[in-house]
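Novice: Chains A and B, in that order, give the protein sequences.
Residue numbering for the first sequence follows my numbering, starting at 37 and increasing by one per position.
Residue numbering for the second sequence follows my numbering, starting at 257 and increasing by one per position.
Read the hints as simulated data drawn from the structure, not as lab findings.
Errors might be hidden in some of the hints.
[As the list claims (entries may be wrong)] Among the chain A residues that face chain B by a calculated CB cut under 10 Å, a handful are: (1) 40; (2) 43; (3) 53.
Where a beta carbon is used, it is the ideal one built from N, C-alpha and C, also for glycine.
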Amino acid sequence: MNHEQAERLLSARIDGERLATRQTVALEHHLEACAECRAFERGAYRLREAARFEVAPAVPDLVDEVMAAVRTDAKPSGLRVVRPARLPRRRLLPRLAPVAAALLIGVLIGSLVVGGPWQRSQTGSALAAAEIAGGISAAAANLDAYQATFSIHELNMSTDVPERDLTMRVWFHAPERFRLDVVDHTDYPARTTPTDLRLVVDGSRWFASGPAPCPTAECPQRESVVRNRLPFSTDAPIPTDLVLPISTLADADRLTVLGRGTVLGRPAVQVEVPFERARPLFPFLSIAGGSIGGDWRPFFPNDRVRIWLDERNWFPLKWAVYPATGVERDAWALRFGLPDEPSLRPVFTVTALDVSTRPPSAGVFRIPASASAQDQGARSVGLTDVARDVGFEPVAPNTVGGLERYRVVLPTDDTARSLIAYADGLAFVNLGETRTWAGTAPFGPVGVQAEEVPLAGGGVAYYEPSTDEHSRRVSIHAAGTDLYLESNLSRPALLAAAAALPVQGLPMPDAWRIRRVGGATVERVPLQAARSSVPFPIELPRTLPDGFGLASVELVDAGYGDGVTLYFRDLDADAGIGTIRLHLEPAQALPPATSASQSSMDVGGAHGRYTPDRSELEWVRSGVYHSLDAPGLELPELVAIAASIGSGG
Amino acid sequence: MPESRAGRPGLRLVAGRGDRQAGRVNDPDPRTLVRAREGDLGAFEDLVRQFQGDVWRFAYHFTRDRALADDVTQEAFLRAFRFLRTFRGDSKFSSWLFRITRNCAMDQIRARNLYVERVTQIAGSPADPQARVELHAALDAVTPEHREPFLLVEVFGLSYQEAADVLGVRVGTIKSRMHRARRAMMDALALEEEAR
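Just chain B, same shape as in the assembly:
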């Protein structure tokens, strides 16, 4: 219900060293998926309930705008509903849904001409030395093409293959971009530390 729209901030899950599975997005019960594909709105609602948090977070990380993330989330689920019949299970459902979410986010950003603005901002300003959340500062220091795989793999726990499915690139590209993302983010954090 909308009373809970504000949600509650909280710590994301605690991950141990090397525990890449901790942030993993689980796929739905296959029976729910089958019923939703057959047009069962109750089953689709279950899917919305299960994935809305991850979809919204991904949209938010992508857009950095709460209202835009709301819109992207709704549009992503709408598109998912429309095209669910075309989902054959070739990839994980979560990967498929993230791919749709990414497309929706790109559309929104293009429609609002935000992309250029964000790229300019990233290119023109190094990480804010006063930034209180260093991850955000570091994320701002990398290009979108490097930030996306980082978010999918590190925050949402997707494998390289799943991230490749979402982004429509080869596994090798994910591997390469992950390395570059890490290097760029570490450099940004080092700059930040030097500035303190």
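The shape of chain A in the complex, shown without the other chains:
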């Protein structure tokens, strides 16, 4: 037996492999005479000890991350939506067949952020999503005061600032006092304006200060002041999701419950939403319409935001942004010059250091005097003054949606109207009314394509989902009066509040429903009426992003045959996809090219084309021209929707 043979047998024996008796005897004989092989045996055991006694690397707990990925994998959600953050928001410029296009340009306005994949939790161990959404909503109406301190840790703001640490303090006193301070503790390698921010709201007054966005490291400080602010104005909003994520987590159907645990010593439940859904939790990124905000790292719309909520009161205790995966995200990261960001490592974390419901002192909300305040023109009056000033007794119940009447203002614009704010804790409803509405669309920030919703007890209202410009809102056209409600209540709660008003909502009058645009007539009609008016079948897409439904239908008569336009919207919160529009009209071929950047493609076997700058897919099938567009959808999503129409697009 030579050394190598002996070492092989020793190695196997050390590992517990059984040797034949003959091999064992021969090995023992060899070992007696061979110091080198005895050294091998000792060395092998030494290696074993090193391996077994090695200081083990700290093993992370990845169960939550793994199971979140598994759940996503187990139940594919609706369409995945990808749109780069921080890019200019596109306004939808409709382009249908040339004539119809001319008619409809300007009719639609995109307002839009981006949504993403959402699933219900599939685990029985976690709290139900509905329980969380309902709990937050109930807590919002009962919260009087709050103050908290958070730490913010940010990665990869830029190549020379790979990490930043900031502190954020938040104070709130119901219904409309709020303050947010962000202090930047970063030791910058070069002269840089720190991201120190302040936002103070005290009822009708609003103040913000901080560095203005600029292309250099040293940015000018900017202040923004608003007086005579409209109640709960979305032009000068209060970022109350920092206190309770009432907007981010309002819709139980769209949050993923990941599990329960303990955070900061408190029982907590963890939920996940895409970044674009969670934007209200990051108000410091952009204040005063983006004119204040300092520098922050970019976020991808589908980056995952995990939020740990205190189970006892639903306060957010911690939230962290985890990079999304996929080629789209990689391409996006390349554009921003970001380094490789592993999907399991948070790139931005906000952690509560202390949270209290102790009322802040009044001095906290003191606003510096400023000569250059923007006047929003909301004059506060008593309820009894309204009739004298605007000429009518407004609909003014003591409570709306369970919230108490809090403030009455008379906006100064061309329409004599009243605005009554109702509030409780963080929840609010604004009730506007006029008796002289002469507009060509429903009163308030509600468009003619709004969803018609039957109200409990009779009548109809017109509903718009929340956007980054407005909260959820409902317009009611009644005999002799027009009203609207705007609120951060959930859709069902808002509709219930509308139904409880002492008015009967009427369908849109013809003056709004029918309009002449250019040489054509556009008429809003029920789906059934449209089906009986056009000489082709109207088939609805079977695939739409989660939460989307048919909002309205219009007939378009351009004098050469009726076309029809279907509008699909997210029925709860418009988080960036915008309105999905499908226009159909008789045609045998695509109209001539309408953009320099169009590409031909096969759409379910039909000849089609894609226009990226309009996010529009067009094709002709069975003598019907189809045009499908949405500001927030990319080609794969459009193709998926097209494929679900009729026999495959």
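Following the hints, put chain B in place on chain A, whose structure we already have.
Specialist: Chain B in isolation, oriented as in the chain A frame:
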């Protein structure tokens, strides 16, 4: 929960001389496996909980990169979830899972072009005489094809047959590679001692 992500370093189990079973990775309760195979996410979560440490450690030993080990671990469990129905029990579940983990690690390394870099590093530099953890220095001195069976057998306590299942080679190959791994590592350690 992520608060515990940092984990805690600690001594690995103490093994007596000849006690190869000490580092052994136990297979799961067969009932858990059956439920997980039927799509029970709770049961699969139990599997993740039971094996995440071993999978992560294996991935880490393989990649020598914590972030990469995180990614490999998640991907390995994802693949395991997708293909659990195809697992017929021909081999041990742990062997099957390690095989998936190894494939994931190889994919990540290929995708990030790390393999060439690591091989170059190994070929170009003998064990660092200043290395404080001699095992790591020794492991760096052997090629991946020898390091893998060593880790599976010595660190994770797999038998030669189980290691052969994971690596897709014959038992004889494992036997041979274990011997060569030990010899190469001992030579590296001897060099290290001479350099001190």
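Novice: Now tell me if each hint is right for this structure.
Specialist: Structure-based check of each hint:
{"no.": "1", "hint": "40", "verdict": "8 Å, holds"}
{"no.": "2", "hint": "43", "verdict": "6 Å, holds"}
{"no.": "3", "hint": "53", "verdict": "6 Å, holds"}
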